[in-house]
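K.L.:
Below, each chain spelled out in residue letters.
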Amino acid sequence: MNDPSYSQILKDGLWNNNTGLVQLLGLCPLLAVTTSAINGLGMGLATTLTLVASSVIISMIRNVVRPEVRIPVFVLVIASVVTVIELGMNAWFHDLYKILGIFIPLIVTNCVIIGRAESFASKQRVDRAFLDGLAMGVGFLLVLVALGGLRELIGKGTLFAQANLMFGEAGKALTLTLLEDYRGFLLAILPPGAFLGLGLLIAGMNVINARRSRRAAATVLPVARAAET
Amino acid sequence: MLSYRKSAITALVLFLFAVTGTALVALTYEGTRERIAANERENLLRKLHLLIAPDRYDNNLFMDTLQARDEKLLGTPEPVMIYRARREGNPVALVMAPVAPDGYSGSIKLLVGINVDGTLTGVRVISHHETPGLGDGIDEERSDWIYLFNGKSLEYPPQQYWDVKRDGGIFDQLTGATITPRAIVKAVRKSLLYYRQHGDDLFAAGPESETPRGKQ
Numbered sequence: 001m002n003d004p005s006y007s008q009i010l011k012d013g014l015w016n017n018n019t020g021l022v023q024l025l026g027l028c029p030l031l032a033v034t035t036s037a038i039n040g041l042g043m044g045l046a047t048t049l050t051l052v053a054s055s056v057i058i059s060m061i062r063n064v065v066r067p068e069v070r071i072p073v074f075v076l077v078i079a080s081v082v083t084v085i086e087l088g089m090n091a092w093f094h095d096l097y098k099i100l101g102i103f104i105p106l107i108v109t110n111c112v113i114i115g116r117a118e119s120f121a122s123k124q125r126v127d128r129a130f131l132d133g134l135a136m137g138v139g140f141l142l143v144l145v146a147l148g149g150l151r152e153l154i155g156k157g158t159l160f161a162q163a164n165l166m167f168g169e170a171g172k173a174l175t176l177t178l179l180e181d182y183r184g185f186l187l188a189i190l191p192p193g194a195f196l197g198l199g200l201l202i203a204g205m206n207v208i209n210a211r212r213s214r215r216a217a218a219t220v221l222p223v224a225r226a227a228e229t
Numbered sequence: 001m002l003s004y005r006k007s008a009i010t011a012l013v014l015f016l017f018a019v020t021g022t023a024l025v026a027l028t029y030e031g032t033r034e035r036i037a038a039n040e041r042e043n044l045l046r047k048l049h050l051l052i053a054p055d056r057y058d059n060n061l062f063m064d065t066l067q068a069r070d071e072k073l074l075g076t077p078e079p080v081m082i083y084r085a086r087r088e089g090n091p092v093a094l095v096m097a098p099v100a101p102d103g104y105s106g107s108i109k110l111l112v113g114i115n116v117d118g119t120l121t122g123v124r125v126i127s128h129h130e131t132p133g134l135g136d137g138i139d140e141e142r143s144d145w146i147y148l149f150n151g152k153s154l155e156y157p158p159q160q161y162w163d164v165k166r167d168g169g170i171f172d173q174l175t176g177a178t179i180t181p182r183a184i185v186k187a188v189r190k191s192l193l194y195y196r197q198h199g200d201d202l203f204a205a206g207p208e209s210e211t212p213r214g215k216q
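Taken in sequence, the protein lines are chains B and Y.
In this text, residue positions in the first sequence follow the working numbering: the first is 1, and each later residue adds one.
In this text, residue positions in the second sequence follow the working numbering: the first is 1, and each later residue adds one.
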């Protein structure tokens with residue numbers, strides 16, 4: 001396997017191979033918790049932390065573990081990391097834990113983590129595994145916040161409501177009420193809204209990608225346009 | 001094919017990881033247990049103070065507790081904690097922690113504060129699994145719905161009106177969620193009934209037991 005460059009890892013994680021929009025992994029937490037931008041942010045942060053920690057550990061032990069037992073070892077590492085993070089948050093960030101507590105154990109079931117462990121971290125140097133975990137995690141976080149923001153805005157007419165749960169009293173200033181006297185649009189908050197919103201985000205990404213490749217193709221070879229689209 | 005030696009080494013590696021992982025989790029658990037317990041206690045005290053203002057009592061709420069068991073009225077076969085507030089020895093109010101067993105998705109744990117005269121100081125939801133955006137309006141952080149109970153009692157409104165509006169009562173339901181508020185209204189009414197039946201005894205009984213949580 002040839003080693004990807006740092007910028008390639010970043011680009012893959014944030015856009016080309018985005019967890020939420022391209023790989024479509026970890027849909028369970030993605031769809032379930034994104035009822036508001038803040039929920040998305042919290043889940044995104046916790047997932048990123050887990051991804052970075054598990055990627056680094058798995059990269060460090062990649063030469064010790066035989067391929068036959070790698071999956072159980074990965075599961076052990078990930079489950080331990082998630083449990084330690086959960087206990088640590090409960091002890092030192094108790095208020096944050098109260099909000100995210102129910103989501104944290106869900107991270108174990110997020111296939112992104114074991115997916116990156118298997119396909120990337122177990123084959124790469126620690127620095128690359130770290131960056132990959134970070135890029136994939138941040139890519140996932142951005143999708144969670146975008147989808148949460150979209151659903152919150154359409155469903156309730158606000159953005160970053162209850163930011164105080166995460167950032168203390170100062171966070172209240174973050175809350176934006178964009179539509180005054182908005183009656184709310186429940187569909188966006190309910191589970192169907194998650195699927196519709198995710199579909200819209202993927203469609204948006206495809207439009208941008210198509211436009212980009214058309215522009216790239218137009219400068220080089222106009223004939224290629226038909227084939228690209 | 002793997003030789004026996006290689007298999008044994010592989011198994012050993014797996015075993016070592018299992019031991020390390022377990023040890024790590026166990027150590028973290030031990031290291032954080034006291035902090036977590038302290039956090040939870042502080043959190044509980046903060047919640048109790050929402051229902052009984054700190055200047056209304058002068059005893060130690062965690063030391064003056066009772067455990068009540070009444071599945072029909074308190075919603076759980078488990079013992080329910082009751083925290084009693086007194087001022088100069090006279091009963092002021094108590095907070096109990098009943099359960100509304102019939103929420104939309106599972107039980108809803110409550111704190112119900114009752115003044116010595118039988119009026120509610122208020123109700124708070126401690127934990128629930130209700131639908132985000134619908135049933136979770138019962139959470140103080142999400143909507144003001146739970147304040148509807150402030151000052152209510154079995155006399156006001158009369159018992160037949162202790163229902164959500166859809167069932168002919170006086171309590172609003174939440175937009176798109178009736179089951180959740182219905183469960184809570186029912187649980188609070190039953191808590192008040194429990195208090196009416198046992199109220200004086202609840203204050204008269206000596207502090208029953210100092211649970212590990214009760215230490216301050």
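Heads up, some of the hints might be wrong.
Here are some, though not all, of the chain Y residues that point toward chain B, as calculated from beta-carbon distances under 8 Å [said to hold, decoys possible]: (1) T10; (2) A18; (3) G21; (4) L24; (5) T28; (6) R35; (7) I36; (8) G133; (9) E141; (10) W145; (11) G169; (12) Q173.
Over 12 Å on every C-beta distance to chain Y, these chain B residues come out as not near it, computed from the model [to be verified]: (13) D12; (14) L49; (15) F130; (16) G155.
For the record, the hints were derived by calculation from the structure and aren't laboratory data.
C-beta atoms are modelled at their ideal positions from N, C-alpha and C, and glycine is treated no differently.
K.L.:
Against this structure, judge whether each hint is valid.
P.N.:
Now for the hints, and whether the structure bears them out:
1. Here the hint on Y:T10 is kept, as its CB sits about 5 Å from the closest CB of chain B, short of 8 Å.
2. Hint status for Y:A18 relative to chain B: holds, with the closest Cβ pair at about 6 Å, below 8 Å.
3. The beta carbon of Y:G21 is positioned within 8 Å of a beta carbon in chain B (closest approach about 4 Å), and the interface hint is therefore held.
4. Look at Y:L24: its Cβ gets to within about 5 Å of chain B, closer than 8 Å, so that hint holds up.
5. About 5 Å separates the beta-carbon of Y:T28 from the nearest beta-carbon of chain B, less than 8 Å, and the hint is met.
6. Because the smallest distance between the Cβ of Y:R35 and any Cβ of chain B comes to about 4 Å, under 8 Å, the interface hint for this residue holds.
7. With 8 Å as the threshold, the beta carbon of Y:I36 comes within range of chain B, its nearest partner Cβ sitting at about 5 Å, so the hint holds.
8. At its closest, the beta carbon of Y:G133 sits 3 Å from a beta carbon of chain B; the interface hint therefore holds under the 8 Å criterion.
9. Using the Cβ-Cβ criterion of 8 Å, the hint placing Y:E141 at the interface with chain B is satisfied: the shortest such distance is roughly 6 Å.
10. This hint is violated: Y:W145 has a C-beta 15 Å from the nearest C-beta of chain B, more than the 8 Å allowed.
11. For Y:G169, the interface hint is violated, the least distance from its beta-carbon to any beta-carbon of chain B being 24 Å, above 8 Å.
12. Interface hint at Y:Q173: violated, since its Cβ lies 14 Å from the closest Cβ of chain B, which is beyond the 8 Å cut-off.
13. Residue-level check passed: B:D12 sits 29 Å from the nearest beta carbon of chain Y, beyond 12 Å.
14. Distance check on B:L49: its Cβ is at least 15 Å (rounded) from any Cβ of chain Y, clearing the 12 Å threshold; non-interface status holds.
15. Every CB of chain Y lies more than 12 Å from the CB of B:F130, the least distance being 20 Å, so the non-interface label holds.
16. The claim that B:G155 lies off the interface is violated: its Cβ sits roughly 7 Å from the closest Cβ of chain Y, which falls inside the 12 Å cut-off.
Checked against the numbered hints above, the structure violates hints 10, 11, 12, 16; every other hint is satisfied.
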